[in-house]
Structure formats: C-alpha cells, structure tokens
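Protein chains in written order, with our numbering: chain A, 970 to 1340; chain B, 3 to 353; chain C, 223 to 359.
In case anyone wonders, no lab produced these hints; they're calculated from the structure.
Even glycine gets a Cβ: it sits at the ideal position worked out from N, Cα and C.
Mixed in with the good hints there might be a few duds.
Claimed, not checked - Under the rule of at most 27 angstroms between Cα atoms (straight-line distance), these lysine-lysine pairs were calculated in the DSSO-like manner: (1) B:K339 / A:K1258; (2) A:K1245 / B:K55; (3) A:K1248 / B:K233; (4) B:K339 / A:K1126; (5) A:K1029 / A:K999; (6) A:K1248 / B:K294; (7) A:K1245 / B:K233; (8) B:K339 / A:K1225.
Stated by the list, open to error - To give an idea of the interface, some chain A residues facing chain C are shown, with a C-beta separation under 10 angstroms as derived from the structure: (9) K999; (10) E1014; (11) G1044; (12) D1045; (13) P1048; (14) P1049; (15) D1307.
What the hints assert, rightly or not - Which residues of chain C face chain A? A few of them, derived with a C-beta cut under 8 angstroms, are: (16) P271; (17) G275; (18) P286.
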Amino acid sequence: MNATMLDRSRAAIDRSFTGFVDCDVHPFTKSSDDFDEFLPQRWVEHRHTIGGRTRQGLGKAGLYPRMSPGVGQRGDAWPPGGGMPGSDLGFMQLQLLDLFEVAYGMLAPLVGGAAGERNVDYGAAMATAVNEWQLAYWCDPDPRLKAAVTINLENEKAAIAEIEKRAGDRRFSQVAIPPRGLEPLGRRRYWPILEACAANGFPITLHLGGSSGHPSTGGGWPSFYHEEHPSYAQTMQTLVVSLVCEGVFEHIPNLKVVLVEGGFGWMPSLCWRLDKHWKRLRTEVPFLKQAPSEYVRQNIWVTTQPIEEPRRPQDMLSLLEWIGIDRVLFSTDYPHWDQDDPRYAFKVQLPAEWQRKIYRDNALALYGLDG
Amino acid sequence: MPASTIQAIDCDVHPPLPSTRDLLPHIDDYWREHILRRGIEADSFETTAHPAKAPLNCRPDWRDGETSQLDGLRERLLEPFGLRVAICNMLHGATMVFNEDLSAALCKGVNNWVAAELLDRDPRLRASILVTPHSPANAVQEMERLAPDRRFVQVLLPALGEMPLGRRYHWPIYEAAERLGLPIGIHAGSMFRHPPSALGWPSYYLEDYVSLATGFASALNSLVTEGVFVKYPRLKVVLIESGVTWLPGYFWRIDKTWRGVRSETPWVNGPPSEIIRAHVRVTIQPFDDPPKAAQVQTILEQIGCDDMLLFSTDYPHWHFEGTDAFPDGLPLGLHEKVMVENPLATYSRLS
Amino acid sequence: MTRHVVATVDEIAPGTCKIVSVKGREIGVFNVNHEFFALINRCPHQGAPLCTGAIVSRIEAPMPGEYRLTRQGEMLRCPWHCWEFDIRTGQSWCEPNSVHARTYQVEITPGETLAKGPFAAEVVPVSVERDYVVVSV
Chain A
970 MNATMLDRSR AAIDRSFTGF VDCDVHPFTK SSDDFDEFLP QRWVEHRHTI
1020 GGRTRQGLGK AGLYPRMSPG VGQRGDAWPP GGGMPGSDLG FMQLQLLDLF
1070 EVAYGMLAPL VGGAAGERNV DYGAAMATAV NEWQLAYWCD PDPRLKAAVT
1120 INLENEKAAI AEIEKRAGDR RFSQVAIPPR GLEPLGRRRY WPILEACAAN
1170 GFPITLHLGG SSGHPSTGGG WPSFYHEEHP SYAQTMQTLV VSLVCEGVFE
1220 HIPNLKVVLV EGGFGWMPSL CWRLDKHWKR LRTEVPFLKQ APSEYVRQNI
1270 WVTTQPIEEP RRPQDMLSLL EWIGIDRVLF STDYPHWDQD DPRYAFKVQL
1320 PAEWQRKIYR DNALALYGLD G
Chain B
3 MPASTIQAID CDVHPPLPST RDLLPHIDDY WREHILRRGI EADSFETTAH
53 PAKAPLNCRP DWRDGETSQL DGLRERLLEP FGLRVAICNM LHGATMVFNE
103 DLSAALCKGV NNWVAAELLD RDPRLRASIL VTPHSPANAV QEMERLAPDR
153 RFVQVLLPAL GEMPLGRRYH WPIYEAAERL GLPIGIHAGS MFRHPPSALG
203 WPSYYLEDYV SLATGFASAL NSLVTEGVFV KYPRLKVVLI ESGVTWLPGY
253 FWRIDKTWRG VRSETPWVNG PPSEIIRAHV RVTIQPFDDP PKAAQVQTIL
303 EQIGCDDMLL FSTDYPHWHF EGTDAFPDGL PLGLHEKVMV ENPLATYSRL
353 S
Chain C
223 MTRHVVATVD EIAPGTCKIV SVKGREIGVF NVNHEFFALI NRCPHQGAPL
273 CTGAIVSRIE APMPGEYRLT RQGEMLRCPW HCWEFDIRTG QSWCEPNSVH
323 ARTYQVEITP GETLAKGPFA AEVVPVSVER DYVVVSV
C-alpha cells in the first residue's frame, strides 16, 4: 500500500512553462500586527483602537464573501507551518517561485488597507509601512520578487513623496493605484500623482478590488458575489474609458498602465465601441489627437489571469491578436482561488513566439528587467 | 449599395419628446392641477443620458425641423427605409421623478400622448409602455391599463436604475410582463441614481455612453443571478441600443464565473450564456463594429445565436449614413431573419 | 488494467479521502457512506489536486430562495476554481451532459483540444474485497 502523495515535481514541468515573469503575486501578512514595526507609534495606537476605515459598512470583513475560506484562497495553498496562504515565503517558493523557476514575481500587496483609507494621513503612513514590509519580508529575502509602491490615492502630497522616495530603487517595479477611488482615475485631480509615476519611470498597476463607496455597478449594488466578480471586468473597462477619454495619455504620453486581474476578453469590443462613438463626439474631447484605440495600444497592458475561456478554444488566438500580442502579460494570481496554472491556463497551443512574449519578454520590456 | 430594409420591423425608434405642455391634455384633472400649480409644465424632461442635440443622438439630416413629430418620422424613417413597423421608445425623464405617483402620472401622460399622436395616426407605429421602474406597483398598474391595446408591444425600463434590474423588488413588473405577454425592453440609459460605474462620475458624455455597455452587462448579470428567468420562464428581455460586439467576451466571463460560483445562486441551473440566448434579444444599432467586416462573422459565431439579433435604426441617433443600417459584414442570408422573423418571434403582439 | 490494494476499509473513514499513488498516478480514494469510489487526483480544468478538495453536499434550489441540501458528502469541490464533481461518477455539476471520458479509458473527442473532456473528473474503478479497497489501474 502506497500512501504518499507524489510531488508535482519541478522535473516534470515542460521547460516552456518555466522561467516566466508572474505579473500578479499576492504576499500576505502572518498577522495584522505585522505592520506595527514600520508604523509610528501614533498610528499603531490608531490601528488598535479606531482602526482602518474604508468606504463600506463592515469594518473588518468584505461585503461580498468569497467562495472559499481565507477570503478566496486556493485550497492547497495553506502553509503547513500555519498562517494565511501567501504569508510564508518558503511555501510560496515551493508552490510557485522555485517550482516554475520564476524569473520575477510582481507583488500585489492587497494588505493594510492603505489605498482606500478615509483618514488620508493614516493611509499614507500605512502605505509607507506596506512598502517597507514588502522589502523586508519579500524582496530582500527573495530578489525575484518586485514590490509595488503602495500609496493612498486621496493624499496627493504624501503619495507623490512616497513615489519620489522609491524612485530609482529597483526593488520596486511599479506603483499600485487602487482602481476604485473617489473619482474615475482619469480625472484631473489625479494627474499630479500619475505625472509623478511616469516622471519617475514607474508603470502603474491597477489591481481589481476595493470599494470607492459608489455601487459596484451603475445600476446599484449587486446582491451576489456572482455579480460582484464580473463587475471587476466592468470596472476595468470604465477605467480604460476614463484614462483615454479624459486625455491622460495625451497629457502624459509615457504613462504605462497595467490592468491586473480584470480579464481581457472585453478589450477589443471596448476599443471598437470607443472609436465608433468618439467619431461622433469628437467635439466634446478635442484634446484627443488620436483614436481611443490608439492610446490603448500604446499605453495599456493586461494580465492574463483569470484567463478567458472561450467556448471554442481557438477563439483565444484571434482575441490575443486583436488586442496585440505585445500587450498581454502572464500572471498566476497566486494564491487566490481563481489563480491560473501556467501549464494549463491556455487551452490552445500558442505559437512559440507568442508564448515567449506573453510569459516573459513583454514583462521584461515593460518593467525594464534583466532577462 | 446599402442592403434593403424594405418591410423591416424597426425595433428602436425615438420620436422627439413632446413638451410637457403637450402632455397636459393626456393627464387627468388632478395631476394637471398639480403640475400647473408647481410650474412643472415648463420643465423639460430630456434626460442626461440622451441630450437630444448631441451629435451622437442626432444625425444631421435627421435634425428636428419645422415638421411635426409624425411627419418627421414618415419623411425620414418610415418612407426611406420602407419599414413595415417601427417600435417607438420614448426616452422621457418622467421615469426619473422621485415622487412615485407624480412619476406614474407623467408616464401615463406620455403613453396617452403616444397613442393619440402617433399610434392612432399611422398604422405602422407601435410603442413601448413607459413605466416607473422605482415604483413596481404603479408600473404594473400602467401595464395592465395598456395591455388591451395591442399596439403597445413592450415595457420599457432603463438599463441603470436604483437597484440592479434582477432584484426581487422589481419582480411584480416581471410577473405582470410574463402574464401579459409583454417583453421587457431594457434601453440604454441611466436614471443616474448612481454614478455610471464603480469609479464615480466621469467628466464627459462620451464616457457615460461608452460605459453603458458595462451597465447592460451588470443588468444581465442581475437578471440571471437573481433567477428572474427561473421564476418567470416565459419572460423575454430585449437589450435596446446596448451594443452587440461585447456579448462574446461577456458570455465567456459569466460562464466561467458561474462554474466556480454556482453554489451561491443554485437556482441558476445552466450556463448563463445559454439562459441569455434563450430569453434575451438585442437590437443591432449601435453594433460597435470591428474594423474588418470579416470579423463580424467571427463575432456572430461566438455569440452563437442568430435568433438574438433584432433590426433597429435607433433613429435619430447617428450610427450609420443613409439607409445603411446593417453592419458591414453581417451575412446577407441573415438579413430577412434579423429584419422580420426575429422581431416577429420576440414581439408576439406584432402578429 | 491491473488491480492494486490501496487501503484497508478501516483506514478510510466515511466522509474522508485517502490519496494514494499507483503506477505513477495519484488517486483519491473516497469513502462515501461506506461505499468506495476513486478519482484521478487531477482536475480536468487546470490540473489542480482535485481530491484534496472539500467533500461537500449538493447545494440546489429549484426556485430563487428555495434552498435544498442533498447528497450529503457525495460531492467534491476542486480546491482551486471550486468546480463541483459527483464523487461517484466524476461528472461535473456544471456540465452534467458532457460525458467525455467518464471512465479510466480515455476517449479522444474530435475537435477537443484536451484529450479528456473538460468537465468530467477521471473515474478509477474500485472494489472491496474482504477488508481491502482495490483499484483497477
């Protein structure tokens, strides 16, 4: 009787699925106290008393519970030594970084609540703490991991200071901006922050989630997570619309935007729709010197996870082609429940050149990383 | 040479709005007094969602001139396109008024005006019933009042209201619609009870308009996940002025979500895309055409249900030139189906 | 196919699963209310270790708001994307009519890019002989 479970071992993995750049990896805290070592005492006390306050009714839980424990984690990603999935670097290396010989992992630290915190001074302090935590516990111990500069979106002065502080530190690869702020991201009030990102050589990463306080759909609040999950793809689309139509890319042509975890099946039709109706309404937005789809092609990238699953697998090929092979970045979203396995995410064989670009070269070029 | 539209059934036409003064003869004594007392007859009910003179909403050769609403429809739409039937959807802001009963009175006035000024005067015209989305009891009352008039073929709701359309609050409307054999027409537009998306309020009309496609997606998600089609299996829904080419990507996403999240809403007993193919139809303008005509065929294959497409001009909105109402690349073999068969199958009152 | 003893009946308590390896294949052996079933430990979706997922019941609702819990302990939920499978048959709840490759013998369906149909977990025949659980691989 053989009772051992076989390792899903590194040796068994096809080389074409190793050495990739994972553009969405989630580190987690072992406890909510983990940031205290990086916070001024005033904010430690604040955190332990009034606590974080975002624009929603539940103070310590989400309003759309996920479908698996740990707020939507992969069931086999709980570290044997304890703690939340994603909180143990060793286990992350075992299950992802070493297993697939990952070249780089772009961190998306959805921890601390800094981005949407209503007390913008606390939010700024927490953002700094999250950035220090990424370096201390993730990037310094494993330099394959690249941090994302966390900011509080509504604290312009502190956000710009934080971006400038991290400029030139190659352990940081991009600035994390919450997709759902008080106003659509393309609005002029956010331009100083966006300018600072571009001026300091940072792409911006917009990872889905969070709450602006506005209902997650234009028709009100959904009842179910079954609606909330697809609403993230809707949010990504309206982000594209905002950034393009408000003229952000005309004003900041070298701003690079990565849309993370919003899917990409919507992108071609959104571009067609934007171009069509822009033709009629050009006089409203005369500062746009090109068709909207041109700005999308030049300035916007998308990550693959959660990968689209067309009914006819070959439709994936035309979809990728319509978006542009060089705009697509592979991601796992480890350790969330809907993460993608690099070997089995695509249900169709990609041409070798596409595979290289999507899994590696596009990200190396975008982030200026050594291959 | 544009494809023929002769004998087509146009499933989305927007007559210019009557002035509120013009509605007064069609409103009962009590509400006429109320309206006059408050000076509301001087108010325009043009909606933020559809500013009438915006270039997108008004093709230059279809601009309001000196002609009456009816003459305009005849000269610019019915005659040139050779239409058999045109379904009038009044984009009237009566639905926005917070006072539920005042809103209902105004909606009723609009419906009465449509019957007297349009339907009575041209046998080619049909209409959707304007109702109060935020007041299901009033909406049902109006539906039952007008149901005996078979020239009213549909109930009109805006895509984005106070609550997602599938919410149980709205179910009396769907119960009545199913019972009375009236499809629910979900039209592009928002009551702007909320910003157009989770991001908040955009600056430009272009953004609002383009975002509407995501609004329709959220409305469909609500109808499906709340189980409206399980509860009301004979209910039909028409997406009007929604765009078409976003459907494939949308189908892939909601089916994928359903496979993992099914147990949250276990009455959703099959892939959402199949539920939608069975119950939902979509007008073809705006199509949101791809750059190459050949891509249209791929999109149609991906939508996987030619029965869904309903001919429309979306008059007087500006989506094409002349009478070139069919998207480039829509196979000629489908034209008859889209122009006639599908609308007849959707709107049983047309036969 | 050869037969392999993988456990005694007492080793796998009702409502639990034991992962074993036989001829290089990982197999999850389930005790569903004193009956034994086995599935290949690989989700047909993206290759997750399916049999390490939660053993659950069937959540159904004939109408919105009418909730039923049936088939207690007879369903398996993939630890990744939460697809639900019938432990007895390997059929996925979401596509019960996709009956490609329900048995260990693989059927190639023309036009499918996966060798196995995407919506069924691979079943391994199991029998109980005296006190032993035996799989045929």
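To see whether the hints hold, each was checked on the structure:
For the proposed pair B:K339 and A:K1258, the alpha carbon gap of about 40 angstroms is over 27 angstroms, so the pair is violated. Distance check on the hinted pair: A:K1245 and B:K55 sit about 18 angstroms apart at the alpha-carbon level, within 27 angstroms; holds. Taking the CA atoms of A:K1248 and B:K233, the gap is about 42 angstroms. The hint is violated against a cut of 27 angstroms. Taking the CA atoms of B:K339 and A:K1126, the gap is about 60 angstroms. The hint is violated against a cut of 27 angstroms.
Between A:K1029 and A:K999 the CA atoms are separated by roughly 16 angstroms; this keeps the pair inside 27 angstroms, and the hint holds. A C-alpha spacing of about 17 angstroms is found between A:K1248 and B:K294, which places the hinted pair at or below 27 angstroms, so the restraint holds. In summary, the hint linking A:K1245 to B:K233 is not supported, as the alpha carbons are separated by about 38 angstroms, beyond the 27 angstroms threshold. For the suggested pair B:K339 and A:K1225, the alpha carbons sit about 45 angstroms apart, so the restraint of at most 27 angstroms is broken.
Among the interface hints, the one on A:K999 is violated; its C-beta lies about 22 angstroms from the nearest C-beta in chain C, farther than the 10 angstroms criterion. For the restraint placing A:E1014 at the interface with chain C, the shortest Cβ-Cβ distance is roughly 40 angstroms, beyond the 10 angstroms limit, so the hint is violated. With its C-beta approaching chain C no nearer than about 3 angstroms, A:G1044 sits inside the 10 angstroms limit, and its interface hint holds. Interface hint at A:D1045: satisfied, since its Cβ lies 5 angstroms from the closest Cβ of chain C, which is below the 10 angstroms cut-off.
Of the supplied interface hints, the one on A:P1048 is violated, with its beta-carbon coming no nearer than about 14 angstroms to a beta-carbon of chain C, more than 10 angstroms. The criterion of a C-beta within 10 angstroms of any C-beta in chain C is not met by A:P1049, whose closest approach is roughly 13 angstroms, and the hint is violated. Hint status for A:D1307: holds, given a least beta-carbon distance of 6 angstroms to chain C, under 10 angstroms. With its C-beta approaching chain A no nearer than about 6 angstroms, C:P271 sits inside the 8 angstroms limit, and its interface hint holds.
Because the closest C-beta pair between C:G275 and chain A is about 6 angstroms apart, less than 8 angstroms, the hint holds. Nearest Cβ of chain A to the Cβ of C:P286: about 10 angstroms, over the 8 angstroms cut. The hint is violated.
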